[in-house]
Amino acid sequence: MAERKTIELGYEGVPTDRMRMNVGPQHPSTHGVLRLEVELEGEIVTDVIPHIGYLHRCFEKYAEKMTYLQLIPYIDRLDYISSMNSEWPYVMGMEKLLDITVPEKVEYIRVIFAELNRIANHQIAVATFGIDAGAFTPFLFLFRDREMIITLFEAASGGRLLYNYFRIGGLSGDVPPTFKEDCLSIVKQVRNTNKEVMDLLIYNKIFVERTANVGILPADVAINYGVSGPMLRGSGLDFDLRKAEPYSIYDRFDFNIPVGKGEVGTVGDCWDRNVVRMYEMEESCRIVEQAVAQMSMEGDVLETIPKKIRPKANEIYCRAENPKGELGFYIISDGTAIPWRVKARGTSFVNLSVIPEISKGYMMADLILILGSIDIVLGEVDR
Amino acid sequence: METLEIFDRLQAEFGAEIIDTGGAAPGDLFISVNPERIVDICLYLRDSAEMKFDYMSSLSGVQNKDNSFAVVYHLYSVSLKHRVVIKTGLAEENPKLPTVERVWKCADWHEREAFDLLGIEFEGHHNMIRILNPYDWEGFPLRKDYQGQEEYHGVRIPY
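If you read the sequences in order, they're chains C and V.
Going by our numbering, the first sequence opens with residue 27, and the numbers climb by one from there.
Going by our numbering, the second sequence opens with residue 433, and the numbers climb by one from there.
The hints are simulated quantities; they were obtained by calculation from the structure and are not laboratory data.
Treat the hints with caution; some may be incorrect.
[As the list claims (entries may be wrong)] Under the rule of at most 25 Å between Cα atoms (straight-line distance), these lysine-lysine pairs were calculated in the PhoX-like manner:
id, chain 1, residue 1, chain 2, residue 2
1, V, 576, C, 338
2, C, 386, V, 576
3, C, 87, C, 338
Here the structure is a predicted model, which is why all the values come from computation and not from measurement.
Pulled out of the complex, with its shape left as it was, chain V reads as follows (with noise of 0.2 Å):
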């Protein structure tokens, strides 16, 4: 199913949680969609005998140019072989939104990835905490505007 066919289900489905398409070829199209609801809207996703969207290929934070966050789902169905890009916005100050690793297993090492470099934060996951950065690391690294620490348990820190 392609992704314009999609957004028209999910809107008839949804209504107003979904928002817009985007993206342009070369590139992928994506699907745009309020984050509050993103949990049932990727359970219709994984359960709809036309979408049967069951793997998740990557969950991927993103800070955009105006500083505002996103995150970004790659969805893909291995037994329909046909895949989605949603989308979500979220606010500058304080990003949150609802996890989905309840909806995908995979989801839950990738959720805290995106915590741990742009300080996105999932509610409801079970295990909120860093994964590559050390457990005590201060901020959040792949932000636009990250300053690095200065020492770290006594050591400098070159850059």
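Isolated chain C, as found in the complex (with noise of 0.2 Å):
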């Protein structure tokens, strides 16, 4: 047996009325292997310090390692939740510094996918939100209509969870050929079960009880932070890079930002953060709509894909507008086959730190939902 470290833990400062409590890293309402220091007074939270790194694995160390194309599958283990959407900023960037324009179809499929991963990564966050609040059923629902989701990406991609779908320049292959039909039914069918969720949960009065006022994140501490995505809009800034910086063909649609109002409480709560991912669902349903109408299916999506990526020396920040938030990827060539730099920006990351801020003075069991509200994903945080 090897020799254990005594590790001494510095309580003397702590008054005897208070205690300090581990949740995590094994538990399922920290959603992964992330552990929360929780100073407590009775049962009020007074201090949360986050510890993270228990599934880092040095992301960037493999990029330094292999070349600009084998990276992708890494990057869908970044958010594993939403692979398409992680994929997407790293080859807008490599196209960039390589100057590829791609076709029409193949920015047509991925505004399609990306949204539908949207979509599904909303389903699992407020189906795991539900969950932590102590509502069960909407979880069956939602889970049963993102499985129609992940059978498309399936007969597109082979994969289920981690697509490495998206090619620099391209994608990896054409999708089948009942494409359209198929987007049209799960469209369908996710605004016929969200509209059952809206008053399954979200205007329970269990749930509005449980999250109105809870959590709450006022803007401008938001922006100072670093928060983005639906954290960010929950606190009522209409903040879109979809809107703010349109990259790809995101200019063409007709969509809305949905924004946290303070319907049933204050302005950034667990309530409205919530709502957002339910609205913005709506609004992704709407993008796949009318993409699929002005979508071709003729075409190659291969054409463009460069036989050699060896990208001349420079170095670029490309980022994309997560079902999270914003994901960016800082990639330095230096003129090889290999990257010399690239940083993950992680979503999850960012909108993690700011919990101690916003879990003062709530309640333990507040707690759990104020992280749940978070949405994190534990692949991101860690990298």
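Using the hints, build the complex out of the two chains.
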């Protein structure tokens, strides 16, 4: 047996009536291997210290050892719930560096898959948040619908969770012939279920009582912490990269940016963050419908993929609106086939850093809800 | 506001602290600044009415080809919707520069990450400890000459 090191805990400065407690790392309510060191006074949270890194594999070191193309499967494993979206900013940045313009059909397929993946991500977010609050039925409904999206992704890419589908300059393969009908049937089903979930969960009195006025995040604090995505919009700020700096073909679609309005409590509480996700699913449905109507099934998705990926020495920071917020890749190339440095700006990593700020003064049970409302994925926090 | 305009404004405000612009299309242009005045420069960028860089997208530590270090700030303005890249160069031995966590709270974890992976020290940071690796890990994994430790708490590390 190896000799164990004694670990000294610094409890000297803590008054006797306060208690330190570990939440996680092995607990379903932490949504992965996250450990929160919580200081409690009775049942009131007085301090939260997140300890992360249990899933750390130094993605950025791997990136310096392999070619640009080989990196894409590793990017899937950052935010493994929305892999399609995660791949996009990376391939977009590489296309800018290599000066490639991808065909229209590729852009449309990317938009449709990114929006469907956004729906799938928000379904998980709302479903698990419901479980945190004690509502189990919406979880089953939402996972049943998510299965349809995953089946479509599987037909196109071969993977159910980790797709490795986007390529620098195109896609790894064409979509199945029934693509358009599948998309429209998914949209129809998602709308039906979301209507039910709105009644069953979102406006449920117990749920409202649990989540309204809990974990309030003001917009200025959110910006200072670099928070993005539905969390920022839940605080009442209509900021979305798809509108603010439209990348790809997002300027062709008509959609709104839902924001938190404090309908049942204060602007920026857990309920607002959650309802923003529900409304965003509807906006994604609208984008998918428009894209399906505009898209042509004719064309090749492989024609602009370069044979040799060897960008000139340069650097770029490319970002896109992920379901969870802004995901950015800072790529430095040195003229060889292997990147010099790839830094991933993890959305969940930044969003999680705000938790000590918004959870002080609430009950221990509310802390679980606050954590659920942030919607983190530990693969992206720890990288 | 474009990067070159911001560069002119910064040079008028800070003079010799603003060293140069660099980068080329299709990549990003950046502004190189002196690391010692980074906090003042960042405060100016955040608070000036024309800049309003209230949102820090990302902070990255980089090791250059000549083994020196650099810290790169990707800034964005939510209200004015423009962006800028600020770069500071650091020496190979004992790289350190002042923290900007008082300017953007977002920098707190990013700086800890740069310290954890590259060993860049941010002076004045309230909690300069490792974040992703275990607290008692040795070495800085993202350095180009990094050799992993052979054993960790009695467990052999294969590579």
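The hints, checked one at a time:
For the hint pairing residue 576 of chain V with residue 338 of chain C, the CA-to-CA distance comes to about 21 Å; that is within 25 Å, so the pair holds. With a C-alpha separation of about 41 Å, the suggested pair residue 386 of chain C and residue 576 of chain V falls outside the 25 Å cut-off, and the hint is violated. Between the alpha carbons of residue 87 of chain C and residue 338 of chain C the distance comes to roughly 21 Å, so the proposed pair stays at or under 25 Å and holds.
Going through the hint list in order, the structure does not satisfy hint 2, though it satisfies all others.
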